[in-house]
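So you can see what is in the structure, the chains are spelled out below.
Protein chains: 2
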Amino acid sequence: MEKFLQKAKEASRVIATLSPKRKSDILMQMAEKLEKYYKDIVKANKEDMSLGRKFDLTPALLDRLFLDKERVFKMADSLREIAILKEPVGRVLEGWINKDNLRIEKVSVPIGVIGIIYESRPNVTSDTAALCFKSGNGCILKGGKEAMKSNVAIASILSSVLEENNLPKEAITLLPDYSREGVSKLIKMDKYVDLIIPRGGEKLIRYISQNSIVPVIKHDKGLCHTYIHEKADIKKAISISVNAKVQRPGVCNALETLLVDKTVAQTILPILKEEFDKHSTLLKGCEETLKIIDIQKATEDDWDKEYLENILSIKVVSDLEEAITHIQRYSSFHSDAIVTEDYSVAEEFLNRIDSSCVYVNASTRFTDGGEFGFGAEVGISTSKLHSRGPMGINDLTTYKYKIYGDGQVRE
Amino acid sequence: MEKFLQKAKEASRVIATLSPKRKSDILMQMAEKLEKYYKDIVKANKEDMSLGRKFDLTPALLDRLFLDKERVFKMADSLREIAILKEPVGRVLEGWINKDNLRIEKVSVPIGVIGIIYESRPNVTSDTAALCFKSGNGCILKGGKEAMKSNVAIASILSSVLEENNLPKEAITLLPDYSREGVSKLIKMDKYVDLIIPRGGEKLIRYISQNSIVPVIKHDKGLCHTYIHEKADIKKAISISVNAKVQRPGVCNALETLLVDKTVAQTILPILKEEFDKHSTLLKGCEETLKIIDIQKATEDDWDKEYLENILSIKVVSDLEEAITHIQRYSSFHSDAIVTEDYSVAEEFLNRIDSSCVYVNASTRFTDGGEFGFGAEVGISTSKLHSRGPMGINDLTTYKYKIYGDGQVRE
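As they're listed, the protein sequences go chains A and B. Note that the working numbering has the first sequence beginning at -6, numbered continuously upward. Note that the working numbering has the second sequence beginning at -6, numbered continuously upward.
These are calculated hints, taken from the structure and not from any lab test. One or more hints might be untrue.
Intra- or inter-copy, both count: the list cannot distinguish identical chains.
Claimed, not checked - Listed next, the in silico BS3-like pairs over lysine-lysine satisfying Cα-Cα at most 30 angstroms (straight line):
1. K228 - K255
2. K184 - K229
3. K67 - K178
4. K92 - K255
5. K79 - K255
6. K0 - K298
7. K62 - K266
8. K211 - K271
This is chain A alone, in the form it adopts within the complex (with noise of 0.2 angstroms):
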């Protein structure tokens, strides 16, 4: 493994240097060739579909795995997209002249190699390896077992082009060892990898986080509040939360428990009830949600559960307080959200929740990279350095210090 890293490392330094134009026309030549090829992809596909199929994969998993012409030609778009996207290398992200008159510019510049670990959908191989070549990394890519053959044959058409370009076709580069093992060792070759991003299950994203010597870029679990303030506006409390929750269920940046005000509870609490109903969410409630409304019982386990379902946890609480005091105990710092008129409650909710994204008076399903405006989008971080949340391509950056002197020496 040492030696393909060492040559994914040596190609990662040709893209850095490389110009925005050639970079988006060696993308728009990919999203070509996708589409030229389209059929070996399929036939790829098909092969990774028997034998999901065979070992059982869920309906849901097999229509995630599923290519046709018209899921490759969505790749092919996904690609154009990312063509052009501004430069995310070369910013100056700030610039000053130091009491001994050195020119300091903070410049983005590639992060070196990504390694990306991600599961079933194959479309993720064609979209992270665009948006590494974009900013100017290589990339390691280690998709799901399931999706194996259609990997391949992605990324096989990707890394042509570079070669059909004069370049090194290893800036992007699957990684050939599927096991555990081979997950085991890439983390450990800070050497030649700069960066791992995971993207999967929780299990999958806690062993790489304990175990490895690269740094990580988590994306992890998604458990999002929203508190209902007694001078919250009944009618945005309630079509926030209901779309928090139902618009997209099984997602991290939705809704899993609903605080309301006690003063509220007895009014907002009923038509709440009956809105959910329309959308046949299950509700759980702790006990003084019973008094007012007759849904399930939470259990304490419910307030730390990321249901990724439609199901919901209602609490009453007393005042702000007690609200901000369950999030801090029990969110898992992605997106948190308060319904209010109140300006100061507002200003404290925001000021005093440290999640990545804190929301007044809106949907937490807005945590998302197009929904932010960032285009393509790597993914939600939930670690909290270098990238926290919607990560868009500049995150796929970091920066160095050009120093310009005329002969500047230190006293």
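Since chain A is already given, all that's left is putting chain B on it; use the hints.
Frame of chain A; chain B shown alone:
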């Protein structure tokens, strides 16, 4: 240990939202109290010193450990400097309106709890505690065993000021367990500790990087290069090389390997030898160098060595390409410089050398928070993510997104 780390975490939440004025006031009080009780600190330090002599610490280490009234008053002044630094928390880094008219602000916030592991200098205790406090972070300090009593004296004065201000004293905590085991436990506590900054020997840093579950920002070695290009101004080349090596040879931004273009080697090497001889620098050269000046022969090991002494290795290279290849292979990517009057060569060097600080026509000794104009410095990061190169107080913050809505839901 878990219990007091939990307290530190809770304390950090209180510190996180203090007003700038309150934080400065408290830092000023800390400075005053250090001065008022300087005798206690000097007394504790005497015990450390006598133990240090007993355990045969080198004179250099003993000098770093030593505190008298003057040095304690300097520590206090340094707190006053930190007190008046520009507020690092709450800076709006970016802000925009998304398509749904959500106002999104990316705002700097404290990181949380920072564990700092360092060696003998006791002033690091007060400096880092103050930098963490000013940036709204809690800190867990793990100083060197040899400075234990001094550190206890200093830290207890600082945390007593927190108590006097009705703040949780655990926001500044000295790790009670001074053993390696104490560190081993600390770096696994990612539930309570958000960042580890190790400053110290290579072995310690390697141990921490390889075993920490908590994210690490290293303050590692500096193997710095200066390349004298054929179009260099000879006078600048000489003063820059000499300054980078001899002005303070024991630090990480000092020059270790000088690369000399073969076109100018014949002219410049004899002058360089004459200048370095004035500073009694021990020179070691490659075979080409030895043909021109009579110095010690460098071995392969020398290119890989951070001397931290008044020793310099010299290599003659045939062109820019060879210089870049040498630096990419041996550099610790801390600080590397070129001396040239050629515009395009300077640009190429700046772009292709991926070190945290890349210089044209200046001494690498400028890689320093103070010289960069950051004020008190946390150190010099040799990590690639979150913070690279000189770390100022702003680097002790991360960010969150505050999102201001008026009822937006996602479609």
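Tell me the hint numbers this structure goes against, listed in increasing order.
2, 3, 4, 5, 7, 8
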